[in-house]
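So you can see what is in the structure, the chains are spelled out below.
2 protein chains.
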Amino acid sequence: MNHYALILAGGSGTRFWPLSRNAKPKQLLDLFGQGTMLCQAIDRLKGIVPPENIFILTNHLQEAEVRRQAAGLPAENIVAEPARRDTAPAVSLGVGLIAARDPQASMIIIPSDSLILDTPAFQALAQDALNLADREAALITIGIKPTWPCPSYGYIERAEKLDDPALSHNCYEVVRFREKPDAATAEQYLASGNFSWNAGMFIWSVPHVRRQLAAHAPELAGFIDRLSQAADAPQFIRDEFPKLTPISIDFALLEKADRVLNFEATFDWDDVGSWISVGKYLPKQEDGNVSNSPVSTIASANNIVFTDSGKRVALVGVDDLIVVDTGDALLVARRSEADSIKKVVATLPDELL
Amino acid sequence: MNHYALILAGGSGTRFWPLSRNAKPKQLLDLFGQGTMLCQAIDRLKGIVPPENIFILTNHLQEAEVRRQAAGLPAENIVAEPARRDTAPAVSLGVGLIAARDPQASMIIIPSDSLILDTPAFQALAQDALNLADREAALITIGIKPTWPCPSYGYIERAEKLDDPALSHNCYEVVRFREKPDAATAEQYLASGNFSWNAGMFIWSVPHVRRQLAAHAPELAGFIDRLSQAADAPQFIRDEFPKLTPISIDFALLEKADRVLNFEATFDWDDVGSWISVGKYLPKQEDGNVSNSPVSTIASANNIVFTDSGKRVALVGVDDLIVVDTGDALLVARRSEADSIKKVVATLPDELL
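In the order they appear, the protein sequences are chains V and W.
Reminder that position 78 of the first sequence reads as 78 in this note's numbering, one-by-one numbering, no gaps.
Reminder that position 171 of the second sequence reads as 524 in this note's numbering, one-by-one numbering, no gaps.
In case anyone wonders, no lab produced these hints; they're calculated from the structure.
As the structure is a prediction and not an experimental result, all values here were calculated from the model.
Virtual Cβ for every residue (Gly too), placed ideally from N, Cα, C.
Take the hints with a grain of salt, since some may be wrong.
[To be verified] Derived BS3-like pairs (lysine-lysine); straight-line CA-CA distance at most 27 Å:
1. W/Lys637 to V/Lys342
2. V/Lys284 to W/Lys609
3. W/Lys498 to W/Lys514
4. V/Lys256 to V/Lys280
5. W/Lys498 to V/Lys280
6. V/Lys343 to W/Lys664
7. W/Lys514 to V/Lys311
8. V/Lys24 to W/Lys664
9. V/Lys256 to V/Lys243
10. W/Lys377 to W/Lys399
11. V/Lys284 to V/Lys256
12. V/Lys342 to W/Lys695
13. V/Lys284 to W/Lys696
14. W/Lys533 to W/Lys399
15. V/Lys24 to V/Lys46
16. V/Lys342 to V/Lys24
17. W/Lys399 to V/Lys311
18. V/Lys343 to W/Lys377
19. V/Lys311 to W/Lys498
[Stated by the list, open to error] Label pairs and their in silico Cβ distance ranges:
20. V/Leu61 to W/Pro636: 30 to 36 Å
21. V/Gly273 to W/Pro702: 47 to 53 Å
22. W/Asp621 to V/Ala64: 37 to 43 Å
23. V/Arg176 to W/Pro702: 57 to 63 Å
24. V/Ala346 to W/Asn655: 34 to 40 Å
25. V/Ala83 to W/Ser662: 34 to 40 Å
26. V/Pro74 to W/Gly388: 43 to 49 Å
27. W/Pro702 to V/Asn194: 54 to 60 Å
28. V/Asp270 to W/Ala376: 53 to 59 Å
29. V/Pro82 to W/Arg420: 49 to 55 Å
30. W/Leu470 to V/Ala71: 54 to 60 Å
31. W/Asp621 to V/Leu117: 55 to 61 Å
32. W/Leu470 to V/Ser309: 33 to 39 Å
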């Protein structure tokens, strides 16, 4: 079996403060009582990629928790980036680790912090895409059908559909990548019907991506060549990874690549970017209130309540609030002011971050 | 020293839920970081009544916590009522306990759940009143100058001022007691200037109150007579107290008594009846927010925040809330709906009460 997977789990952030902290960001949280998003990402690959072929990239702050949550994987498959260097160096590190194991591998790269509920649909598409990567010289992406003109996602513009009878999913040639458009442009994208959201998932063969990097990002291709031959890979990573130029994989490779394909996702997808997004998946109570904890309400509607303790929360005469409780911090925010949560987080002492 | 004190500490209730529970109501809470209201009531008597002369009445649910908080008093001075029987039986139980110790005692009765910050002023008045009780055949009360037409307090109507050169405080003859008036009547009381709030504090000599009870409430006088002579007082209380008719001391005695006097309080007084009252005494933060915990705010004003853990509370875009956090329950209520807190409490499972 020469199919491999790389899970990118190095994301940081306190968007879900007070539940998320620098050492425990979104992908390491159990927001929905079904395991953490990282555990769900690992489970999502079951039957597609054997556990010994799954790699996880993280960072030193989160490494201990990632190892705890990914205890079913070989310890040497979990690698902490010695420095933060954006997605192109991270992807190259993963390609190098897999190339050292199997230079002819095909691989799928998935983020650890997206919510996908329809696992069978994901697995069928991932299998189709890996099989295509085995035989096509292309960089393969997965596109999510946009439901609103979100200005903070990357968009992929599609051209004609592939006419490949071996495929069981719709797959398109890609015209180009478009980073975070302004609102008006996003509206046009949505209206045209030719654009999909970039889900940050990539499928390719190791030989092909190395050839493409050699052509368009030689620094990264050289890094992969040397890592795949290194006698002491951990030492090589510590020494050489921090020297790489920080750049996103979209800019470094995908926008320049000779051929990019785009599968149309047949599964649900949510990047769960805020407490309001979380609210969509929490158990529904009366009057539009949602909560993962027992809630008692009087004249209160449309509140999002989350506790890490399962404590009782009583609401009296309050609407449209976000209430998040943890052992050492409590957040009460107006839903319409959710974007200002980061402002209050910015004022907090380090020990609460 | 034949001066004694009786602290009534059997009040129950969940008005301060989730902080207060049936086994730990208001008087057993440390709301202001200066000790519980019961501890403050005990301290308030220092120098007026020796510790061995201070009695506390409580109930079985709260007895253990009361004994813990009143560890400086003789254990036998803390008595749990075997049943709830309103204030006249409770007061009679206290009179009987003190009569057994010293039939010639004078005593002051104080509630355990009022906030009084000016201790020296309280002590000066209490001393004046006890001295008066030693020499005057009267039931003495303390009146609080009303600041608003509160319809839920008892009012005392005063007549002429005593002309007693030995007194260092203003003291008046009482015309009558008025229980909880309607709003219009309360307005009239306030306008007349002859009414004060009944603070629930009583001062009298044991011989005089026994004579008055014998005349107006013989069942209670008989109970006191037998208790003061009982060979096994605890057994007598267990057997006989539950048989007493439930009635308030105002109805049973004070409204009928031959002579009632009323001292004009020279100290501050607050019965701290709600979280909004508590808010008046919590440390003030920016924008009208008050909290006993560290608070970080963005665009948030006039919130009352209380935690029993001292955890950080972050407020974003919220105004006029009451936020109270404990280990197993969290309350978020609109200030204007504070009266509805009891409605949500009524829906809660027993283990949270």
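Exercise for the section: Would you pick out the hints that fail for this structure and give their numbers low to high? Expected result: 2, 4, 5, 7, 11, 12, 14, 17, 18, 19, 21, 22, 24, 26, 28, 29
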